[in-house]
Amino acid sequence: MEIYERLKNTNGSWQTDAAGNAVYRKRPNSFNLKVSELSTLSGTLYLCPVKDSGSKRDIKLELSYTAPLGGKTHKDTVQLTNLHLDVDVDSNNDGTVSTDDRTEDDIETTAPGKVVLLNTSDRDGDGVVDRYDWEISGNGFNEPLFEELHLNLPDSIDLTNYKVGVSYAAAAPPLPGDAN
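Residue numbering for the sequence shown follows my numbering, starting at 486 and increasing by one per position.
One thing to keep in mind: the hints can contain errors.
[Claimed, not checked] When the alpha-carbon atoms are kept at most 30 Å apart in a straight line, the in silico DSSO-like pairs for lysine-lysine are as follows:
# : residue 1 : residue 2
1 : K557      : K536
2 : K511      : K493
3 : K599      : K545
4 : K560      : K599
5 : K599      : K536
6 : K648      : K536
7 : K493      : K541
8 : K511      : K560
9 : K560      : K536
The hints are simulated quantities; they were obtained by calculation from the structure and are not laboratory data.
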């Protein structure tokens, strides 16, 4: 696990690089600050997993402080699990999803990314445009109806009872029976 903090300028604004991206500094995995130095932190520490966990909750993050009067130490511990989730699509738009191809992984965050065209067809002929159709039936389609998305989960730990959520920034189609 690596720990980072976002950097601020002397005027309190966030530092950015020439491209407008936030600037972070890596912190040592163990560090001490005096109470008077806490204001130098941005308020949030960012955790960057560097490898999968060997078991559930095997990473311990501990915060402690020693009271100035009496010298009593107070601490709190959070246990974490690092998981490397890999989502693959046809990033280079060649018609295939290559789950083990590092060159395709390297372009996943580079424009244009996966190009998905708006589906304005009614391929099953039921009078409902496919992008709003919750049941597309029939056979003999000569081209794929959907784009593939592969989610690869680590084998390092038992993922029973874990949940994976998927969200995307797009309008959801109306549900069957919704008013137009």
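The hints, checked one at a time:
Straight-line distance between C-alpha atoms of K557 and K536 comes to about 35 Å, which puts the hinted pair past the 30 Å bound. Distance check on the hinted pair: K511 and K493 sit about 14 Å apart at the alpha-carbon level, within 30 Å; holds. For the suggested pair K599 and K545, the alpha carbons sit about 37 Å apart, so the restraint of at most 30 Å is broken. Between K560 and K599 the CA atoms are separated by roughly 46 Å; this puts the pair beyond 30 Å, and the hint is violated.
Restraint check for K599 and K536: satisfied, since their Cα atoms lie roughly 27 Å apart, inside the 30 Å limit. Restraint check for K648 and K536: satisfied, since their Cα atoms lie roughly 20 Å apart, inside the 30 Å limit. Under the criterion of a C-alpha separation no larger than 30 Å, the hint pairing K493 with K541 is inconsistent with the structure, at around 35 Å. A hinted pair counts as satisfied when its Cα atoms are at most 30 Å apart, and K511 with K560 qualifies at roughly 23 Å.
Distance hint between K560 and K536 is fulfilled; the C-alpha atoms sit about 26 Å from each other, no more than 30 Å.
Consistency note: the structure conflicts with the earlier hints numbered 1, 3, 4 and 7.
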